[in-house]
Structure formats: structure tokens, C-alpha cells
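Peer 1: Sequence:
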Amino acid sequence: MSDEIHTVSDEIHFASARDLARRIRARELSAREVVQAHLDQIERTNPEVNAIVTLIAEDAMRQAREADERLAAGERPGPLHGLPAAHKDTHATGGIRTTSGSPIFAEHVPDADELVVERMRAAGVITLGKTNVPEFAAGSHTFNPLFGLTRNPYDPSRSAGGSSGGAAAALACGMHPLADGSDMGGSLRNPASFCNVVGFRPSPGRVPSWPVPAGWATLGVQGPMAREVADVALLLSVLAGPDPRSPIALETPGSVFAAPLGRDLAGLRVAWSPDLGGAVPVDPAVTGVLEPAAKVFEELGCAVEEACPDLSGSDEVFRTLRAWHWDIALRPLLDERRADFKTSLAENIDAGRSLTGADLGRAEVLHTALFHRVREFFERYDALLLPVSQVPPFDAALEYPEEVAGQPMHDYLEWMRSCFLISATGCPALSVPAGFTGDGLPVGLQIVGPHHADFAVLQIGHAFEQATRHAWRRPPLAAG
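Last residue of the sequence shown? That's 1044 in my numbering, and every number before it is there in order.
By construction, these hints were calculated from the structure, which means they are not laboratory data. Using N, Cα and C, we set each Cβ at its ideal position, and we do this for glycine too. Mixed in with the good hints, there may be bad ones.
[To be verified] The calculated label-pair distances, taken between Cβ atoms and stated as ranges, are:
hint	residue 1	residue 2	range
1	Lys859	Thr920	46 to 52 Å
2	Pro972	Pro709	26 to 32 Å
3	Arg626	Asp828	43 to 49 Å
Model the full structure from these sequences, guided by the hints.
Peer 2: And the structure:
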């Protein structure tokens, strides 16, 4: 079956978040109508993809009724008033089951929201439930022993990516217009690429995280997903901004991301790197889609040349700091319940346990040198373009791709290097729909900007999106 193209205004469940928020504020639509439309779409499409794993439909309608009553009473609405969203199942939601995809937390119900959920609800979001994740969000393929596998909306035999795979699949199917996610090695970007939606890894501290065991760490971030770049910016305007509970929170207010994204790109200096200078193998099906995408920037007036920063040491930085993170977060649980952990994650925690002070010190020295090389690279270029993922959506029966472009992948991280090498730089990075393979599988373009240049990256992604309109191509199962 071929994919079908729909305009974003065809149905409530595929309208943009911005349009829905405007129509609710103008009382052209009620929050109850919007929530019910999305609940209907969940009922119709979720059995095919398994994106939402905890659904609180009755409570969502109660929230919607109360939202309508507050608006009718003259209460000033928040920027996301009446918009439905399901939260990532690793993000704590007060009074709603939060499992992290692990049998250990199968019945866990937190007492309070964590910061990203707190901000979304304060802005008027109506919570629908929780989206599926890999176990403890480890890995970029969404499956776990509690809820099983999340499937790709464009081909259910393929992976939806991860770890925000449930969120990306739900967005692609029109189950909700906005989603929160997180990204350490590509968990906002890879599933966005696989599901033809938009995922943004902000600069560390742009979206403050709380509670977390290591508040000064910068490798893992939280951020927004949506079907359009402007909707991502809308959600970022709510999620971003300082908070005294995060020691690395940036002081810039989130409101700056509510500004229009329109920008003339003429004169921008853009570096294009199809394989990071030969550092990563990339499936020819991916480069076949992205080579024409890079040329779009020339048509937009940019000066494009093939170049990439020196990312030497990034592997060691990422793998060391990631293993250290897992050791901090999960070692006590592993000691108590090793049988309840997937092997690959247990091995990562064990690797973190074996790290020495010298190992961590070396990683920090390499991390600092990497920062300065990338800083100098972006003195010459305004943006870096590269693949989000090295492969198109792969066979969902696999834990991870076992080879890429004929090269063997030795563990469940190696095929994600096009994302995790960028994570180590600390730069903001956007995954934006860039086209489809001959088999109809989505491919995302990764747009990376200088440190803290989050708004500029969103502007560049918005210009590309508007020029190409790949984001409007819907999966067949979501149509109708």
C-alpha cells in the first residue's frame, strides 16, 4: 500500500499543535472534542503499533472538561491549554503508572511529576497516559518485557527506533500532537528519523531535569518531539528556562522559542558530512535520500561544502560517561535483581562499575578538547548536516542492526554513532524528515548547530521542512 499525503488541517488528530491551541483558545473547538478525537485515533491505530502503553482515557476526558470550564470562566489559558499528550514512560507522572519498561517497576506509581511533566501540565497539557520505551530507555529500539515491541507506523515489520519510540510512533499516527522525550545517544533523534517526525536534542541545561542522581551531568537531556518544527519550538518554549533545582539550567527564558521561526538562509555557511569524514558507515539507502536533501540548502541560498569537525575521542567520551551514568543510576537494582535486566544493559552497568577515577579523568580531558575543536569548527560554519541514523528502520525482530553497509556492528550502540558522537559534543541537534527510501521508509536529516544555538537550529530545520514538506506524508494505517 502506498503512503498517502494529507494536509495538517484535514482532521483534528493531524492538526498542528499551534492550530489546535489557537482554536481552543478561540472556543472554535473544545478541549473535550480535541481529546476525544485523539482517543478515537488511539483506539483505531494503537493496536497496530503499540505506542501508548498506559492509557487514562476517562481521566483525560475529566481533565478536558475541567479545561473547558476554566476557559469559560475567563481563566487565562496556558500556551498548551487543552492539548493532549502521553508522556515518556521513564518520565515520572504523579498518580500515573511509570514503569521505565522494567518488570522491577511494573506497578510503580510516583507521588509527583518530574520537571518536564510538571511544566507541560502547568501549561495546560491534558495527560493521556504513557508512551513505550526500551528497558530503562537503554538502546534505540523500543521493546521491553512488560509491554513488548513498538512497531513502525510506515512498516509494522520495522523498528520505530528509541528510546522515545512510543512517542514518535504515536505522533506519526496522530495519537497526540506533542510529546516529551529524552536523548543520551540519539533517543529523540533516531525515533524521529524512523517515524518521519521531528525530534530535538537541546543544549544541555536548556531543558532542566529534576530529579536526577547526577545533576551536573550533560550527556543525557530531555526535549520535545512533534510532527512539525514549529510545534517542537512551541513545546520547547514551555520546557526551557531556568529552575533552581537544576545546577546546569540555562538562564534564557523559554519564551524566546515562541518567536516565529521564519528566516532567510541566504549566505549561511553549511557543512555537509554524509559519513563524518569516513568515521561511520552509512547504508546507501540513507545517503541516497540525503544527498538531494543537502542540495536543498544550496537552493535556499546557503554555501554548502563537505566538511566535518574532528570528533576524535568522542567514542571514548560517550561510552565512558554513559557507563558511569548507568552505574550511578542502576547499580543497586542490578545487584538485587540482575535476572530482571536485559543482558546488554547489565553489561553497561558492569562496565560503569569497573571505571576508575583515571578513566573518568581521561574522559573529561577528552571531552574538553572535543568542545574546543567543535567550537572552532563552528566559527567557520553555521550548521552541520549529517544523517540521523546510519540505517533506515530495521527489522523489528532484531535487537539492533548486526551490520551497516557491510561492516559488522559489535554491540547495540555502534550503529548509533552518527547520533552519539554528536551527543558528546554538547551541541543542539535536530532530526527533521528528509524523504523516503525506495521501500517507503522514512529518513531523517540531522542538523547540528554551535553550542547554545538552539533557536538557530530550529530556524534552519523549519526552512528545510517548508521547502521539502516531507513531514506531511502520513503512514497508511493512520489515514482515514
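Peer 1: Quick check: does the Cβ-Cβ distance between Arg626 and Asp828 fall within 43 to 49 Å?
Peer 2: holds (46 Å)
Peer 1: Kindly confirm whether 46 to 52 Å is satisfied by the beta carbon distance between Lys859 and Thr920.
Peer 2: holds (48 Å)
Peer 1: Has the hinted range 26 to 32 Å been met by the Cβ atoms of Pro972 and Pro709?
Peer 2: Given a distance of about 27 Å, which is inside 26 to 32 Å, the answer is holds.
In this structure, every one of the numbered hints holds.
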